[in-house]
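Peer 1: Protein sequence lines, in the order shown, are assigned to chains D and E.
According to the working numbering, the stretch in the first sequence is residues 1 to 353, in order.
According to the working numbering, the stretch in the second sequence is residues 1 to 451, in order.
Just so you know, the hints here were simulated from the structure itself, not pulled from any lab data.
Glycine is no exception: its CB is placed at the ideal position from the N, C-alpha and C atoms.
Any given hint could turn out to be false.
A few chain E positions that, by computed beta-carbon distances, are all more than 10 angstroms from chain D [said to hold, decoys possible]:
hint	residue
1	P111
2	S181
3	L229
4	S242
5	P263
6	A278
7	A282
8	G364
9	R374
10	S393
Which chain D residues face chain E? A few, computed with CB under 7 angstroms, are given here [stated by the list, open to error]:
hint	residue
11	E43
12	A195
13	E224
14	R244
15	S264
16	V315
17	L341
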Amino acid sequence: MTEPVLSVRDLRVWYGTDRGPVRAVDGVTFDVRPGETLGLVGESGCGKSTLGRGVLGLTPPAAAVDGEVVLRSPGGAGRNLVGLPAKEIQRLRGPELGLIFQEPMTRLNPLMRISQHFEEALRAHHKGLPKQEIKARALAALRGMGIPESRYGSYPHEFSGGMRQRIMIALALVLRPAFIVADEPTTALDVLVEAQIIKILADLRKNFDTSLVLITHNLGIVAEACDRVAVMYAGHIVEQGDAREVFANPQHPYTRELLRSTISLSTTGLHFIPGSPPDLVEPPQGCRFHPRCPVAMRGCATVEPPEVVLPTGVVSACWQQAIEADPALADELGPGGREPLAAVKEISVADEA
Amino acid sequence: MLTKPDIEESGEGAAGDVGEALVEASGLEVHFGLRGGLLGRFSGRAAGAVRAVDGIDLTLRKGEVLGLVGESGSGKTTLGRTLIGLTKATAGTVRYRGQDITALGERGLRPLRRRLQMVFQDPHASLNPAMDIRTAVGHPLRIHQLVADEQEYEARVVDALERVGLTPPERYLGKFPGDLSGGQKQRAVLARAIIAEPELLVADEPISMLDMSVRAKILQLMLDLKRDLDLTYVYVTHDLASAKFFCDTIAIMYLGRIVEYGPTAEVFANPQHPYTEALLAAIPEPDPERALPRELPRGEIPDAARPPMGCAFHPRCPVAVEACGWEARDLRTLLENRWLELAPEAATREKSLFADVESLAVDGLSTVAIAPGRGHSPEDVLEYLRHLREEASQAEPREPFWRGVVSMHAESGRAVVEFAPPRDPRLSLIPATGVQVACHLREPVGSTTGT
Numbered sequence: 001m002t003e004p005v006l007s008v009r010d011l012r013v014w015y016g017t018d019r020g021p022v023r024a025v026d027g028v029t030f031d032v033r034p035g036e037t038l039g040l041v042g043e044s045g046c047g048k049s050t051l052g053r054g055v056l057g058l059t060p061p062a063a064a065v066d067g068e069v070v071l072r073s074p075g076g077a078g079r080n081l082v083g084l085p086a087k088e089i090q091r092l093r094g095p096e097l098g099l100i101f102q103e104p105m106t107r108l109n110p111l112m113r114i115s116q117h118f119e120e121a122l123r124a125h126h127k128g129l130p131k132q133e134i135k136a137r138a139l140a141a142l143r144g145m146g147i148p149e150s151r152y153g154s155y156p157h158e159f160s161g162g163m164r165q166r167i168m169i170a171l172a173l174v175l176r177p178a179f180i181v182a183d184e185p186t187t188a189l190d191v192l193v194e195a196q197i198i199k200i201l202a203d204l205r206k207n208f209d210t211s212l213v214l215i216t217h218n219l220g221i222v223a224e225a226c227d228r229v230a231v232m233y234a235g236h237i238v239e240q241g242d243a244r245e246v247f248a249n250p251q252h253p254y255t256r257e258l259l260r261s262t263i264s265l266s267t268t269g270l271h272f273i274p275g276s277p278p279d280l281v282e283p284p285q286g287c288r289f290h291p292r293c294p295v296a297m298r299g300c301a302t303v304e305p306p307e308v309v310l311p312t313g314v315v316s317a318c319w320q321q322a323i324e325a326d327p328a329l330a331d332e333l334g335p336g337g338r339e340p341l342a343a344v345k346e347i348s349v350a351d352e353a
Numbered sequence: 001m002l003t004k005p006d007i008e009e010s011g012e013g014a015a016g017d018v019g020e021a022l023v024e025a026s027g028l029e030v031h032f033g034l035r036g037g038l039l040g041r042f043s044g045r046a047a048g049a050v051r052a053v054d055g056i057d058l059t060l061r062k063g064e065v066l067g068l069v070g071e072s073g074s075g076k077t078t079l080g081r082t083l084i085g086l087t088k089a090t091a092g093t094v095r096y097r098g099q100d101i102t103a104l105g106e107r108g109l110r111p112l113r114r115r116l117q118m119v120f121q122d123p124h125a126s127l128n129p130a131m132d133i134r135t136a137v138g139h140p141l142r143i144h145q146l147v148a149d150e151q152e153y154e155a156r157v158v159d160a161l162e163r164v165g166l167t168p169p170e171r172y173l174g175k176f177p178g179d180l181s182g183g184q185k186q187r188a189v190l191a192r193a194i195i196a197e198p199e200l201l202v203a204d205e206p207i208s209m210l211d212m213s214v215r216a217k218i219l220q221l222m223l224d225l226k227r228d229l230d231l232t233y234v235y236v237t238h239d240l241a242s243a244k245f246f247c248d249t250i251a252i253m254y255l256g257r258i259v260e261y262g263p264t265a266e267v268f269a270n271p272q273h274p275y276t277e278a279l280l281a282a283i284p285e286p287d288p289e290r291a292l293p294r295e296l297p298r299g300e301i302p303d304a305a306r307p308p309m310g311c312a313f314h315p316r317c318p319v320a321v322e323a324c325g326w327e328a329r330d331l332r333t334l335l336e337n338r339w340l341e342l343a344p345e346a347a348t349r350e351k352s353l354f355a356d357v358e359s360l361a362v363d364g365l366s367t368v369a370i371a372p373g374r375g376h377s378p379e380d381v382l383e384y385l386r387h388l389r390e391e392a393s394q395a396e397p398r399e400p401f402w403r404g405v406v407s408m409h410a411e412s413g414r415a416v417v418e419f420a421p422p423r424d425p426r427l428s429l430i431p432a433t434g435v436q437v438a439c440h441l442r443e444p445v446g447s448t449t450g451t
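Could you put the whole structure together from the sequences, leaning on the hints where they help?
Peer 2: Listed below in structure tokens is the structure:
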């Protein structure tokens with residue numbers, strides 16, 4: 001198996017607040033292989049975007065980052081991005097690391113022509129690149145995204161939303177990064193345009209060797225464009241594995257509930273997860289999902305579940321699967337720990353997201 | 001408080017069918033004038049108009065949930081607003097219980113407003129941040145002078161909050177919007193909308209700004225309110241999946257017009273318009289067995305100030321025919337797309353055949369005279385175009401553009417391309433389905449509507 005481009009080990013990103021640290025990302029581990037697309041899903045407030053930023057070293061200065069983010073250049077040795085001086089990381093952005101933002105409407109400078117955006121990006125990362133070369137590379141990247149040459153001198157407002165997002169992708173790709181984070185790249189777009197962008201992202205992994213982490217709350221997009229999926233809840237990854245496998249046989253109760261509550265064309269009844277993701281200053285004890293979990297056991301409220309690698313290769317952090325895989329683990333839950341957890345309190349609208 | 005029984009099965013849909021007509025729109029148009037350039041402003045002449053709503057006929061029955069579905073720029077929101085008199089129609093009529101509300105001024109509309117309410121997309125923006133929930137939710141009661149004293153006011157507000165699930169109400173009365181989550185705000189907005197006992201609620205993307213896990217809850221709440229308060233809904237959305245679940249009737253809109261209109265189940269089971277088909281195929285589903293189609297409609301929704309001729313969807317339609325409204329602009333798109341795929345040198349060579357490709361960008365040209373580039377004759381251009389047509393005839397999927405070209409010939413130093421005369425597709429009923437569709441491919445045989 002090829003070596004991962006990116007290995008994240010026990011990454012933690014904490015923000016300081018008056019009430020104590022917000023543990024937005026709390027011990028996350030995953031790998032991304034060359035040319036692979038990893039989907040990162042979960043409700044708002046589960047730490048998806050913070051994780052994406054943390055990996056790229058783009059967290060605000062006040063955030064504390066701990067753990068390992070190892071980036072391996074092809075053929076080169078890996079280097080840990082955590083703790084690297086800002087200047088060093090800045091040098092990696094572009095040629096190694098790229099970011100595609102949400103809301104393409106607001107991310108291009110309205111006073112700059114598209115050509116100037118490309119010139120700026122290429123000059124910043126490749127000093128002394130001749131003008132012809134800049135133009136040739138920019139046009140090649142734009143052509144790949146279906147933007148005609150005649151629009152090279154246009155301003156952002158002259159493009160539609162879908163075209164602007166394609167320009168954003170071209171801007172990220174023109175520096176040929178080995179690894180890209182795309183943060184909700186289709187959220188502001190219409191159905192058909194969204195489908196076009198998903199296709200472009202899905203083709204990326206075929207045509208380039210770019211690895212992608214795709215952050216989205218739309219499970220359909222993950223099923224469409226990703227090889228693997230990681231489901232985040234309250235700062236943890238609760239389930240990760242092959243996207244097809246996870247969607248066909250979701251293991252973690254949170255993944256199951258998330259899939260059930262998605263309104264899709266096959267929806268015949270409304271289902272929802274009661275409550276909302278917890279306050280990350282004081283996350284619940286034990287399994288963080290237990291207050292909302294339909295199959296929670298008593299022990300779930302006190303002991304954090306271990307990660308279990310299932311025969312399908314899917315990793316799930318839930319006591320149900322852990323005990324199934326190794327019945328001896330049930331002892332850790334203590335006496336009576338496997339009894340169903342009586343609903344501690346009625347979850348009302350008061351806790352709604 | 002999990003899944004509640006499916007409302008559609010429980011006979012509410014059927015009740016909608018027998019209801020009396022509540023709102024009827026006929027020939028409804030909303031055109032927004034463009035201000036134009038400096039000269040235009042001086043002369044007072046408009047530069048043109050955006051046809052946000054362009055000739056709509058529909059009937060909304062009591063108890064019905066009508067979905068207005070389309071992409072941004074399809075006119076769905078403008079139509080929704082016009083149906084309750086929030087936006088002035090520039091032509092046509094909207095009748096509410098037989099009364100033409102387009103003829104009414106603000107004073108005349110006032111008494112109707114409490115019966116016709118609106119829920120906006122962004123709950124964060126539709127509540128005044130400086131108004132506590134007690135004041136905000138009860139505001140309609142004051143405006144319409146529906147309560148005699150403070151006691152009654154308080155009771156009505158408490159009742160409304162209870163109805164939308166903001167319980168216990170005392171906990172919310174004194175709160176400000178900033179203290180509430182997105183879902184709670186939308187509940188408060190719904191409470192404000194129902195407090196004056198409306199009959200019709202236009203909900204403009206009520207769940208699209210909310211988190212995934214809250215959407216189902218708000219939809220369920222809207223279904224409960226409809227059942228308890230005997231409401232009629234117009235649900236404006238771009239999300240087909242929620243519309244499928246929520247609506248009895250659905251109108252698919254494209255560039256100010258309805259292209260398909262009928263019972264939801266029928267429209268989804270058997271989409272008639274190529275646009276509806278494309279929309280349905282493009283929804284990413286969390287089902288690993290279902291992949292997006294290889295061929296998606298090209299491009300994006302066109303500028304409503306310069307709509308395409310004929311059927312507005314034809315430039316993106318994979319199955320468009322001769323009469324769909326082909327014009328010079330489509331030739332330009334075709335050429336640009338071809339050149340995108342060629343090597344830069346080859347593209348430059350082909351481009352040099354034309355003096356000015358941008359001259360094709362003018363709208364409404366059913367016949368276009370193309371000036372050949374320097375050192376080329378009209379015959380060169382024609383030969384090139386014929387070569388493209390030949391090439392296209394062997395490629396799959398077939399490029400529909402060439403179906404619209406009726407002749408190509410040289411005339412006084414120009415290459416002239418003539419397109420088939422455009423015809424506007426009209427909504428026509430598909431027998432035995434109750435679905436109306438505006439597409440030339442679905443017209444009854446022998447029909448000769450419009451020219």
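Peer 1: So which of the earlier hints does this model not fit?
Peer 2: As far as the earlier hints go, 2, 4, 6, 7, 16 and 17 are violated by this structure, in ascending order.
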